[in-house]
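J.: So you can see what is in the structure, the chains are spelled out below.
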Amino acid sequence: MSSFLEVKDLKIHFPTDDGLVKSVDGLTFSLERGKTLGIVGESGSGKSVTSLGILGLHKGRGANISGEIWLDGEELVGASQEHVRGLRGKKMAMIFQDPLSSMHPFYTVGDQIIEAYRIHHKVSKAVAKKHAIDMLGRVGIPEPQRRVDSYPHEFSGGMRQRAMIAMALSCDPELLIADEPTTALDVTVQAQILDLMRDLQREFNSALIIITHDLGVVAELSDDILVMYGGKCVEYGTADDIFYRPEHPYTWGLLGSMPRLDREPTERLLPIKGSPPSLINVPPGCAFHPRCPYADKTGGKDRTEVPALLETEGGHLVRCHLDRAERRALWDNEIKPALETQ
Amino acid sequence: MSENEPLLSVQNMEKHFPVTKGLFKRQVGAVKAVDGISFDVFKGETLGLVGESGCGKSTTGRLVTRLLEPTAGKVVFEGQDITHMAQGKLRPLRRDMQMIFQDPYSSLNPRHTVGTIVGAPFRIQGVETEHGIKKAVQDLLGLVGLNPEHYNRYPHEFSGGQRQRIGIARTLALKPKLIIADEPVSALDVSIQAQVVNLLEDLQNELDLTYVVIAHDLSVVRHISDRVAVMYLGKIVEIADRKRLYDSPMHPYTNALLSAVPVPDPKSRKERERIRLTGDVPSPLNPPPACRFHTRCWKAQEICKQVEPPLEELASGHRVACHFPENAPQQAVQTPATAG
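Chain order of the listed sequences is A and B.
So the first sequence is numbered by our numbering: it starts at 15 and just counts up by one.
So the second sequence is numbered by our numbering: it starts at 80 and just counts up by one.
Among the hints, a few may not be true.
In the DSS-like style, the derived pairs of lysine-lysine whose C-alpha atoms are separated by at most 30 angstroms in a straight line are [said to hold, decoys possible]:
1) Lys254(B) with Lys287(A)
2) Lys104(A) with Lys136(A)
3) Lys105(A) with Lys136(A)
4) Lys49(A) with Lys346(B)
5) Lys322(B) with Lys256(B)
6) Lys346(B) with Lys350(A)
7) Lys254(B) with Lys214(B)
8) Lys384(B) with Lys349(B)
9) Lys144(A) with Lys73(A)
10) Lys254(B) with Lys213(B)
11) Lys105(A) with Lys139(A)
12) Lys213(B) with Lys350(A)
13) Lys49(A) with Lys25(A)
14) Lys22(A) with Lys49(A)
15) Lys100(B) with Lys49(A)
16) Lys143(A) with Lys104(A)
17) Lys256(B) with Lys287(A)
18) Lys256(B) with Lys168(B)
19) Lys287(A) with Lys214(B)
20) Lys311(A) with Lys350(A)
21) Lys122(B) with Lys322(B)
22) Lys104(A) with Lys25(A)
23) Lys254(B) with Lys384(B)
24) Lys287(A) with Lys213(B)
25) Lys25(A) with Lys315(A)
26) Lys349(B) with Lys350(A)
27) Lys168(B) with Lys254(B)
Simulated from the structure, these hints should not be mistaken for lab results.
Since the structure is predicted, the reported quantities are computational estimates derived from the model, not experimental observations.
Bound-form chain B, shown alone (with noise of 0.2 angstroms):
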């Protein structure tokens, strides 16, 4: 296994939705969902994408999958550019590449049954198997821990957790080298949640599975993950393995999230000191200049509104946009000396 190619690379990766105004839809501006982004994606790894709502997250796993067009950049799948791939060569190209929903409730065709929704990339892909579809189907089904003869059922027999289950089953269906999880359990229960998470990582083990993990939960990612990319507003302002980046965050953004996250030991709220970030997340129809979280950081000085931070490695595999970074080393802590 060639260990440094990555599966997947994703090369300064932008989408603007252009806003539109009156009868001839003059454009009037843009929203930059995802606003310059690269990383890359190794095989047999995790790669948890977190940050709050409107940070362009699921943006970028639309993007990667190709369910919405880049405006800039490129993304690149097993050393292929696949960024303006035609529609028809893409379709081969989805088997390799699966997505999982949200919502179990909307993501699944309620008229259908479980068999004809787990055996629909067969029909799409014309995809032959050895013991003809429903046998395929049913030995999925037993793969994400459901009954096999539940096959005729209809989505609506089923829970919550259950249904979350059959919509793996069918991303599971084509044997995809790549799964792109888009909140994947955000929407269950607490102890379902659980369930879920170690199905994944069973699955993961057992089938060679790569995961790019898209959350806003930063405890799931950290279980789920082993490296881990935190954007605010378009941009990835931190990346770095797991342990790295909950131990030793060095974006103050990074600090923030992980003090807001509540903690289920009654004790730890007296000891514990908090960071409070004030204000909304800025709209990204109009991001703050520069450093766009500024306007949120105590940390934040002249240059952080004139200066955009690049995203440097200051650790081995950290990188970070930040031009006064915390638990940095010696070297990176001096001011940069391009200001102004």
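Chain A with its partners taken away, still in its complex shape (with noise of 0.2 angstroms):
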């Protein structure tokens, strides 16, 4: 066993009246303890049903679900749902958008880390209370003796999100998913919650899973980046391969689309043609081709051939039908200039 976790060809389709939902179609990554992996996509790509399926949260719902999932040496797809209830928390724990709608409003902060620090700890109550103060201070809520019986609604947005993350800590798991952390908080809490997730992750050593939109959080935070579209990986690769050296046109066109505030303003965007696909009718071939300026470049192949994921050096890879060096200097050439200068 080489890595902390392992993700093979991870499938998770859900059979509805209107057909198979690909949600995530083949999905290979890994990750170590202390490292960050973004995985960055649009709505409707998949990103969050993967972050469930390696939580085991589909199970038992309607999924089918194959490929395999090794966390720590342990395999997780065929496990029992009691085995990886077990993990559950202990192991991986998670981080949901919205703090509101993921705690109970009728339970205060400090039983629902109570609760969920005795499943796995045989300890009194009041041990894992104090343990809950301790947890609430660390992630920087003020007063924490007090706050601990305060309801989920007495919180602010960014207080609820830091209560949130104490939840996730409170049994030292190493493996963390934080889906859209930060997405419905405000600017300058989000920067602190961001700051607060950096020191804890080096604190904790474990390995970090951050879901989102927002390219902007995940160069703030990730090692490595998975650039997910149509329930499938079209790129992956280090923060640097991203940014500085993307290949796929989907990545380029993110990149574009985004105005920047490093930057002198540009004149225009440069979106995506088109909407990101239905997961029940993706597009046959390249998932991508509708909406991709180069997919003619293809002679035809983009159409009716998934392209496959390739290696093209160090660990980036790239689901493209064009050719390396094709690719590279349409990046050089073409979409780099524009992005810079406009």
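Need the complex rebuilt from these two chains, each delivered in its own frame; the hints are there to steer you.
T.: Structural data, given as structure tokens:
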């Protein structure tokens, strides 16, 4: 066993009345302790389904799951629900996007942290409460002794997200998955939470997966980045690969769609035409071909053949029919200058 | 075109929402959502209104369009005071002033076809169109980049970005002069956001529109605006043209906001010095006295807790409400003499 987390050819399909929804369709990646993987994609690209799949939250819900998920030498796809439940919270935990709807409004914040802690540790309520206060203090909630007895609605959005992080970290999980952890927050609070996550990850040396649509957030935290489109990984590489040497036209499109504060304002944004595909009707061949400005350069292969995810160099993977020299030339001569000057 | 006459002028506008308690609805307090703001919007320009949640930016949009009644102050549109204009008189005015809403899912009636939705302004205002309403609606759909043949479809058949285009087509139906766009792209995917931002800019050039864009995303606001106003707890703390505001912001809050935006450049995360604000925005029910930012400001001194800084013009077209502004020209840096 090499990596701490290894996902191999993970497929999560949902049969529905309208057809088979291939939310995740053959995803492979690995992650080491102490490292951060950013998963980027638009709505419906399968990024959240992936995270729920790793936590085993799709079992018994009419999902067809295949492939392998190895966490610290244990296979999870074939494991029993009870076994995976024992790992959830202790070995792996999740931070959800919207802390208001993912916390129970009837129980105090403290009760909810205590519950999670006592499931995995045989301790008295008093000890668990002390631990909860300790955790709330660690994530920067002022007066944790008093706030431990507050209800979620008494917290502000930023504090709720901190409490969520405290809950997720209460059992020292080795794998932490954060699904859009800052999307619901204001920008100054977002900066606080991102700093907090970075500091805590260093402290706990956990593996972190951060799922977001915001390339800025990904650039702040990630070591490696996985770009998803239509349930598949279209590009994978280090943060430097994705931001300085991206090779997939979809990644180019994402970079061109973002107005950037760190550069002189441009006249126009360079959006991707069309809209993301429905997962029931993923376009045949390369899923991105209807929106790809270079699809006609593939000699018709774009519509008939699904491109393979191939390594270009040093672990940088790209799923595209264009050959490498051509992609490089396009990036260097067309896309990069357009992004920088326009 | 009279360049100096503002299309919209807001003067000391306030909106306090009463907080009531008990059987007799005794008023026990007020949420000061907007607390004395003034700004002008000139023809053909885009004014960006940024701030965090609860700063009053959306309330401002609703006050300007008279969807809410201001508690005090004045709203002047094309030289006409519309602050307390009766609803009946307001109706013709609504042609000139339209809104784009944030959520393309809840702002379109799911039981009406696109044709009915986009044609509604014509029917409500009793506007005669040359070749009938259907033709006018189809022209509008074409204008915003939708297929005119989608006239008979329902909103659920469209994606989020397309729905936002339907909303924009409806907004444009009566050829308004001023459009208030409240978070027009924040509910959309990144690639779609860029399409809608470009569309808004194209329409502005084509139809000579004036925009007030309300948004929390500082990069989108910079891209789209000519001038930008930063709000904090119901007040404008800084207003300037785009270049000045983003290149040399004077208010500490603006500085903090700008430095908090994550930048899509992995190298910069090591180099960049970030201003960390502590805590959250205080409640507008009980805003801090004097300068409202003093509870989170690292430059705050005694005077900030006692004297409210006025919104002063420190450089041409650059107004700031701060006792200790940054990047300010020399004469403004001295401590105000009226301390205490």
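J.: Does lysine 139(A) lie within 30 angstroms of lysine 105(A) when you go C-alpha to C-alpha?
T.: holds (22 angstroms)
J.: Holds or violated: are the alpha carbons of lysine 311(A) and lysine 350(A) at most 30 angstroms from each other?
T.: Holds: lysine 311(A) and lysine 350(A) sit about 19 angstroms apart, inside 30 angstroms.
J.: Is it true that the CA of lysine 122(B) sits at most 30 angstroms from the CA of lysine 322(B)?
T.: Satisfied, since the Cα-Cα distance of roughly 19 angstroms is no more than 30 angstroms.
J.: Verify the proposed pairing of lysine 254(B) with lysine 214(B), using a straight-line Cα cut of 30 angstroms.
T.: Status holds; Cα separation ~15 angstroms.
J.: Given the hinted pair lysine 287(A) and lysine 213(B), is their Cα-Cα distance within 30 angstroms?
T.: Distance ~27 angstroms between lysine 287(A) and lysine 213(B) Cα, so the pair holds.
J.: Does lysine 350(A) lie within 30 angstroms of lysine 213(B) when you go C-alpha to C-alpha?
T.: Not satisfied, since the Cα-Cα distance of roughly 44 angstroms exceeds 30 angstroms.
J.: Would you check the hint for lysine 25(A) and lysine 315(A), treating anything up to 30 angstroms between C-alpha atoms as holding?
T.: It holds: about 24 angstroms lies between the C-alpha atoms, which stays within 30 angstroms.
J.: Given the hinted pair lysine 105(A) and lysine 136(A), is their alpha-carbon gap at most 30 angstroms?
T.: holds (16 angstroms)
J.: CA of lysine 256(B) to CA of lysine 168(B), is that 30 angstroms or under?
T.: The given pair, whose Cα atoms are some 18 angstroms apart, holds under the 30 angstroms limit.
J.: Run the distance test for lysine 254(B) versus lysine 287(A): straight-line Cα separation, threshold 30 angstroms.
T.: Measuring from Cα to Cα gives roughly 27 angstroms; hence the hint holds.
J.: Between lysine 254(B) and lysine 384(B), is the straight-line Cα distance small enough, at 30 angstroms or below?
T.: This hinted pair is violated, its Cα atoms lying about 47 angstroms apart.
J.: Is lysine 384(B) close enough to lysine 349(B), meaning Cα to Cα at most 30 angstroms?
T.: Roughly 35 angstroms between the alpha carbons, so the hint for lysine 384(B) and lysine 349(B) is violated.
The structure fails hints 8, 9, 12, 15, 23 (numbered hints given earlier, in ascending order).
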